[in-house]
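Using the sequences and the hints, build the whole thing.
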Amino acid sequence: MTCTEFLQKLDEMLDPAIAGPLRAELQQHLHCCEHCEITLNTTRKTIEIYRKHELYELPDDLRERLHQAILAKCRACGK
Amino acid sequence: MSSSIQSQGTAEVHPDVLLVEQARRGDMDAFEKLVRQYERQVFRIAQHIVQNREDAEDVVQDAFLKAYEKLDQFQGNSKFYTWLVRIAVNEALMRLRKRRTGRMVSIDEDVETEEGSMPRDLADWGPDPEALYGQSEMAEILRKTIQGLPPGFRVVFVLRDVEGLSTEETAESLGLSIPAVKSRLLRARLQLRERLARYFRKGSRGKAQDGVK
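Protein chains in written order, with my numbering: chain Z, 1 to 79; chain V, 1 to 213.
Among the chain V residues that face chain Z by a calculated CB cut under 8 Å, a handful are: (1) Met28; (2) Phe43; (3) Gln47; (4) Leu122; (5) Glu130; (6) Val162; (7) Leu190.
Pair ranges (Cβ atoms, derived): (8) Z:Lys52 - V:Arg25: 35 to 43 Å; (9) Z:Leu62 - V:Lys66: 17 to 25 Å; (10) Z:Arg44 - V:Gly203: 17 to 25 Å; (11) Z:Cys32 - V:Gly148: 31 to 39 Å.
Worth flagging that the hints you see were computed from the coordinates, not collected in a lab. Yeah, the Cβ is synthetic: ideal placement off N, Cα and C, and Gly gets one too.
Set out below in structure tokens:
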């Protein structure tokens, strides 16, 4: 397996549900390619960090204001 | 045991389907439950696309209003949330277009770039890169980094990796094919990791802190 082929399957490697021969083949490539191992680990970390940090939280007061505005618009549309 | 027998062969109905049915018949409380359930997610997605709070607020209102007006068109072969996200993404892109006064904005914009299609930065990161920065500094780094992606990559990453939609749901929400979602997701992930590397790679602390400002 080449590095390009490994990258094409990076999504499968990041998905713990993927097992069997494909995972074994990917693992085998990792054993002999430090660059792909670093790419995999840092990509996984990238996703984890973005998932963990709430960048655009909706504050409670704004949420309430938005909520009421949405319902008022829907009621007013006469549907 | 009897309940498991009763449930055999019965297709599981998503609770939203019932709420949509009730809302269609004019039950505003049912629609309000749907709003309550998804307003945070829609707001986050909108703000990731339009990148400012005022526009994101407008997008959230318009998306829910449009969903309410079009409830009869919801077929039920996809999840209500996926259908709602599709409406919200379209509203957000329209808002971006307005802001850029007529310049076309679509999820196909700038996706032909070759940037980030192969990893260039091959240095490993420190064991705990997040410990290098305070909470607000980290948020600033992450915002700045993701805002640098073309909208067509950004939205795929946000739906798939931040909001946790499946590849199929992401494709449906964006009107893209599954291979297109997979290809954009790979490029988005690689570009983000490449850009974050300057903050997180081993020994990058001093340089990176300068970079945030």
